[in-house]
Amino acid sequence: MKITLSLLSFLCFGLLASSQNGAHLPSVMVQTMEGRKVDTKTISNDGKPIIINFWATWCAPCKRELATIAESYDTWQEETGVKLIAVSIDDARSMARVAPYVNGQGWDYEVLLDPNGDLKRAMNVNNVPHTFLLNGKGEIVYQHNNYEPGDEKELYAKVKALSGK
Amino acid sequence: MSRSFAIRILPVFCSALIGTAIQAQNEGQLHGNFSTDVQLYNQDSAIGAVLPPERLGANAWANLIYTQGNFEAGGRMESYEPSLAGYPAGQAYSGTGVGYRYIKFKVSDLEVTAGNFYEQFGQGLIFRSYEERYLGVDNVMDGFRLKYKPYRGVYLKTVLGRQRFGFNNGAVKGVGLVRGVDAEVSLAELLDSAWTSANNLIIGGSFVSKFQEDRNPFLVLPQNVAAGAVRANFTSARWNIYGEYAYKVNDPNGRNESVYKNGQALHVNATYSVKGLGASLGAHSIDNMFYQSDRSAPTPFDLNINFLPPLTKQHTYNLPATLYPYATQPNGEVSAQGEVFYRWKKGSKLGGKRGTKIAVNFSTAYALDTVHLGLADDTTRRLGYSSKFFTPGKRQYFQDFNIELRKKVSDNWQFALTYLNLLYDIDIIQGKSGKPPVHADMFIVEGLHNFTDRNSVRFEVQHLSTKDDHGNWATALAEFTFSPHWFVAAMDQYNYVTFDDTFLQDGKLEVSPKRFHYPIGSVGYIRSGTRFQMNYGRQRAGIFCVGGVCRTVPASNGLSLSVTTTF
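In order, the protein sequence lines correspond to chains H and U. So the first sequence is numbered by the numbering used here: it starts at 1 and just counts up by one. So the second sequence is numbered by the numbering used here: it starts at 1 and just counts up by one.
These aren't lab readings, by the way, just hints derived from the structure by calculation. Please note that a few of the clues may not be correct.
Unchecked claim - Covered, in the sense of this in silico footprint (three residues per stretch, anywhere, with C-beta under 8 Å from a C-beta of chain H), are these stretches of chain U:
#1 61 to 67
#2 185 to 194
#3 272 to 278
Unchecked claim - The list that follows gives simulated cross-link-like pairs (lysine-lysine, DSSO-like), each with its CA atoms no further than 30 Å apart:
#4 U:435 <-> H:83
#5 H:120 <-> U:173
#6 H:63 <-> U:275
#7 H:63 <-> U:106
#8 H:48 <-> U:349
#9 U:173 <-> U:275
#10 H:63 <-> U:353
#11 U:275 <-> U:346
#12 U:388 <-> U:346
#13 U:275 <-> H:41
#14 U:388 <-> H:83
#15 U:435 <-> U:357
#16 H:37 <-> U:147
#17 H:63 <-> U:435
#18 H:37 <-> U:467
#19 H:83 <-> H:158
#20 U:394 <-> U:345
#21 H:153 <-> U:353
#22 U:275 <-> H:160
#23 U:149 <-> H:120
#24 U:408 <-> H:158
#25 H:41 <-> U:407
#26 U:106 <-> H:41
#27 H:153 <-> U:357
#28 H:83 <-> H:120
#29 H:83 <-> U:346
#30 H:83 <-> U:173
#31 U:394 <-> H:137
#32 U:346 <-> U:408
#33 U:157 <-> H:63
#34 U:106 <-> H:48
#35 H:137 <-> H:153
#36 H:160 <-> U:435
#37 U:275 <-> U:357
#38 H:41 <-> U:467
#39 H:37 <-> H:165
#40 H:37 <-> U:157
All of these numbers come straight from a predicted model, not from anything done at the bench. From the three backbone atoms N, C-alpha and C, an ideal C-beta is built for every residue, glycine too.
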């Protein structure tokens, strides 16, 4: 009985499976590396695409992904005006390592801290890395879990398609 | 619920959900996620693999969140039929049911949450309610929370409720009541001055109290136990300096041998960074800071009100991450950590054509310097011990020195070299009574080669050498990835001992060492927000730590499947 119930509930979920596409960012308080509070609802990029990337200093594939994108990030910005926001889910243990790590790598991303997983939960992220792409209207149009070398090309193709390039 | 009733109600349930979704497109939004971990256990007595009677273990979670304007409601179905071996960390989970549900709404600057919520005050020294699903830690509150912003830059929070204790066809709550308030002022937001445009000073304070009835026939126990904390955080373009001090009134409990001593903790941290260079230095001292909402909680994982993170690096490579990880000792420790990240620029002597990155990290933890109080009189005896705050004692619990170099040598090849030197008091950290501390050296080589734009191979060779505990380990891993959908990986961990043909353990000579291979293969498929992964092989016992405590996952042999999806 329990199994039938779980299976059918899951089927129901399946029917709704695409519902996060088109959704806007939820309203959650996160903070910048300088400790300023930011309501995620207010995130914008002047009508240009935004990449929201969930990562952590203890996540090796996350760091590979951000390091790889960093190599061509200035080209991405010049060509499409895209902005990448790296949301760190490091908790009180490693939160203080985020700023030195990001600067030590020489990354130019905007970094937000989500130390108790509030934004992670609100966006239904199971594990990191998890990437969302928002169009100029702030709607989620694409998402990708995991990172494999080459995934950044797929992501950038989507960014270019959004900005009509 | 009878079967016929279930069959009748299901279509209603389904159409209600779909109805909500259709409506959602017009007004609100409905989204969620699902994840499951399933394992089929094989017999493998050579490695002491667990073999639960059910043979198949399965954990599953489904979250659903509905938002409409300023209103939000959410819930999570959980299923442990039965839970995976070694899961969760604390009190057992069983059955299927609702583990979490809440409603939340905002009225201008006031936010109200009723039901379950996660929250944290400051760094969590006196209050943090959080979940680490894959570790099996969830101390979610059930009650209500108010968040209020009376003026720009001023943030107030208040919480009240009981914590999650276990799960039996639904969340089971602990007996203790937890109440707390927190206030924070951010000067940069409050004052709009020339100073605050470049810098910021954030000050905050919090107060938490737990209530639990005293039913002890022998002792007079405090029924209300209060804790307070103050914090300050200065930031500028290059600097970030943080300090938090917490104090807890006497709280005799099962973890501190029921002493009536007060507890305290101080955490300080400073970081400096400019592009290409980052440095961080931190220290903390902790004395008698176990703070659980049930003084006789069965395990140190249950009903924790606060969170005391270890000041050590969380490693990402398999051997250092899961063989000898450190966990804070809430009863007393003094610890410090320093770290530097540096990047040699492209074109510099050491940077070469593509730049070189280095990370150096050092951390150490000692017992707190304490003096046991004698039996002078009953009051003195009940205080247990006296301590010198921020003074390390003789016993060293942990030390980790590690250095990591990363370099891209060509368009298609990159390498990382890591060296670690570790001292680990296995008696204290893992509770293996009487075992001598482990001294270990580790070398790790990682390489990544891109065959094409989308196909690549990554490999790791790791070696750990020690004359203690289980002796040496060697690990080899190869992972082929085919972006954006597939990956295939194979790993072998080999546990062997080289010194002599007898294995020195607990200071005694023991039987000849056993040598074991732990091969495991994985295949995965990813499609947008969905990920499937299947593993087959031997999994050695591993340690996963969170806050003050480490959970041991037993050795196993078999097939496992993980599915995660976000929608």
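Violated hints - listed by number, lowest first: Structure breaks hints 4, 7, 8, 9, 12, 14, 15, 17, 18, 20, 25, 30, 31, 33, 36, 38 and 39.
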